[in-house]
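So the chains spell out like this:
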Amino acid sequence: MKQSIFTIRENTALNTRYSRLVLAGDTSAITRPGQFADVSLPGFFLRRPFSVCDWNEETMTLVYETVGRGTASLKELPAGSGLDVLTGLGNGFNLSRAGDEPLLIGGGSGVSPLLGLCRRLLNAGTRPHVILGFNTRDEVILAEDFLAMGVSPTITTADGSFGIRGFVTDAMDIPHSFFYTCGPEVMMRAIAEKSAAHGQLSFDTRMGCGFGACMGCTKATVNGPKRVCKDGPVFEKEEILWAD
Amino acid sequence: MGRLSVSLCGIELDNPVIPASGTFGYGYEFAELYDINCLGTFSFKGTTREPRFGNPTPRIAEANAGMLNAVGLQNPGVDTVIAGELPKLKEVFHKPVIANVSGFSIDEYREVSEKLDKEPQVGWLEVNISCPNVHGGGMSFGTDPKAAAEVVSAVKAVTMKPVIVKLSPNVTDIVAIARACEAAGADAISLINTVMAMRIDLKTRRPVLANITGGLSGPAVFPLALRMVWQVSQAVKIPVVGLGGVSSAEDVIEMMLAGASAVQVGAANLKNPYACREIIDALPAVMDRYGIENIKDIIGGAHG
Chain A
478 MKQSIFTIRE NTALNTRYSR LVLAGDTSAI TRPGQFADVS LPGFFLRRPF SVCDWNEETM
538 TLVYETVGRG TASLKELPAG SGLDVLTGLG NGFNLSRAGD EPLLIGGGSG VSPLLGLCRR
598 LLNAGTRPHV ILGFNTRDEV ILAEDFLAMG VSPTITTADG SFGIRGFVTD AMDIPHSFFY
658 TCGPEVMMRA IAEKSAAHGQ LSFDTRMGCG FGACMGCTKA TVNGPKRVCK DGPVFEKEEI
718 LWAD
Chain B
6 MGRLSVSLCG IELDNPVIPA SGTFGYGYEF AELYDINCLG TFSFKGTTRE PRFGNPTPRI
66 AEANAGMLNA VGLQNPGVDT VIAGELPKLK EVFHKPVIAN VSGFSIDEYR EVSEKLDKEP
126 QVGWLEVNIS CPNVHGGGMS FGTDPKAAAE VVSAVKAVTM KPVIVKLSPN VTDIVAIARA
186 CEAAGADAIS LINTVMAMRI DLKTRRPVLA NITGGLSGPA VFPLALRMVW QVSQAVKIPV
246 VGLGGVSSAE DVIEMMLAGA SAVQVGAANL KNPYACREII DALPAVMDRY GIENIKDIIG
306 GAHG
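Each protein sequence line maps, in turn, to chains A and B.
First residue of the first sequence? That's 478 in the working numbering, and the numbers climb one at a time after it.
First residue of the second sequence? That's 6 in the working numbering, and the numbers climb one at a time after it.
These aren't lab readings, by the way, just hints derived from the structure by calculation.
One or more hints might be untrue.
Calculated cross-link-like contacts (lysine to aspartate or glutamate; reagent style DMTMM-like; alpha-carbon spacing at most 20 angstroms) [claimed, not checked]:
1) Lys93/B to Asp40/B
2) Lys208/B to Glu542/A
3) Lys703/A to Glu90/B
4) Lys479/A to Glu283/B
5) Lys552/A to Glu67/B
Remember, predicted model here, so these are calculated numbers, not experimental data.
Sequences are here, hints too, so could you generate the full structure?
Shown next, in the form of structure tokens:
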């Protein structure tokens with residue numbers, strides 16, 4: 478974990494729901510895709526956790542959904558603004574589990590960390606299948622970014638306005654060695670139940686500190702209580718205790 | 006003794022800054038960031054007899070200048086704390102530490118205290134009779150002078166270590182509770198625990214916290230905490246540890262002027278993991294600015 482000041486290079490709406498935030502600064506603490514950054518917003522006490530979409534030596538990209546007053550205020554911050562950010566938080570995805578044909582499945586804002594994961598799998602010589610699920614055509618994000626890497630994602634929309642009509646599970650009859658997923662819990666549960674493979678799931682939750690001190694984001698697992706921020710946010714399929 | 010040093014129940018602290026229980030775990034997350042031996046001491050996560058999962062999530066909510074938590078005393082239980090956590094704590098922190106004791110019955114407070122009393126690194130027991138987030142325990146002992154005194158007597162009977170009693174602000178007369186604890190043998194009082202509060206989500210029209218209510222902490226409660234430290238420190242002869250929204254070196258000095266012998270820092274650690282180190286580093290210059298030679302000289306200084 479590292480605390481440092483990042484400068485907003487770009488903060489643009491991708492559509493009415495999601496925005497892209499490109500931050501310039503010290504990204505050296507980020508070691509794995511699926512880790513998150515905890516951003517201090519002017520005028521708010523608690524930091525806001527966002528998974529890292531992608532990063533390089535100079536910049537880090539976050540894709541965020543406007544859900545409340547915090548993210549609404551973030552949307553208003555202009556390029557050039559400084560932000561106090563904790564980076565390198567959480568365990569992230571384990572690339573060594575991928576096998577020959579990993580399947581990446583994202584839903585909504587959960588597609589964000591899969592972009593950085595996809596890039597690093599490609600760099601490691603592994604070509605993943607990618608499925609991205611959204612409610613409707615106007616909410617589709619990051620499809621071009623995957624295409625720019627030479628990966629053609631399968632898109633599903635619940636209302637059928639783009640790609641395959643239905644849910645990501647309607648598109649996942651692809652042979653796969655392992656799956657990585659991030660998105661709504663109902664979606665991840667359906668994926669975990671449908672896939673015969675092992676997999677890693679990344680959970681989104683309300684956090685206090687983001688670095689393991691406050692016990693605000695505890696999740697029950699088969700291995701006892703785990704902190705989503707420190708022990709996660711990525712958990713093995715076999716660890717998850719799904720709520721009834 | 007440096008100019009920042011203070012004494013708490015006969016144990017010297019290099020400085021009066023103490024991370025509060027529940028905001029610092031057992032120290033190691035912070036030890037990854039900085040040498041936590043710069044702290045006066047710290048109070049580790051509240052410990053109960055049995056392992057506790059705590060409350061369902063969401064357990065955390067935002068507030069203006071603060072936050073709400075309803076963690077509900079999640080901890081692995083006293084036996085695992087002693088066998089698993091304290092040996093790891095010892096590797097990163099080499100000073101006496103404050104063991105925070107919680108419970109749901111007099112027997113539980115006694116049993117947990119008796120076990121922690123045997124740990125050499127535990128310098129003080131901090132008896133939490135003020136957790137607002139559990140039912141049938143915690144705060145119910147801290148809102149009645151007689152029940153508070155019973156807990157203190159039971160703990161004092163099983164330990165030679167100084168006993169600090171952590172009080173709840175969620176009472177009509179905190180002075181009466183503090184006096185009852187003092188009469189029952191408490192060696193110090195710490196206050197305040199969090200202020201019972203709630204938030205409602207406008208979209209769902211339901212409480213944000215799964216527990217419905219939670220404890221408010223952070224800068225929002227600082228003036229309230231300061232007032233209670235002022236009142237209690239005038240009413241008792243034992244030392245008072247002030248906490249509630251402390252976020253800066255100036256806040257530390259203000260708390261000590263109100264009567265605190267040492268100061269705990271809670272929510273600030275969760276917003277800024279370096280908060281305590283930054284406060285300690287800032288203290289000498291802030292003391293210079295206000296003409297303070299030794300920090301211990303200002304304890305209760307505002308009482309005139």
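Status of the hints after comparison with the structure:
Using a Cα cut-off of 20 angstroms, the hinted pair Lys93/B and Asp40/B holds, with the two alpha carbons roughly 14 angstroms apart. Simply put, Lys208/B and Glu542/A have alpha-carbon atoms about 15 angstroms apart, close enough for the 20 angstroms limit, and the pair holds. Of the supplied pair hints, the one linking Lys703/A and Glu90/B holds, its CA atoms being roughly 16 angstroms apart against a limit of 20 angstroms. For the hint linking Lys479/A to Glu283/B, the alpha-carbon distance of about 15 angstroms falls within 20 angstroms, and the restraint holds.
With a C-alpha separation of about 18 angstroms, the suggested pairing of Lys552/A with Glu67/B holds against the 20 angstroms cut-off.
Checked against the numbered hints above, the structure violates none of them.
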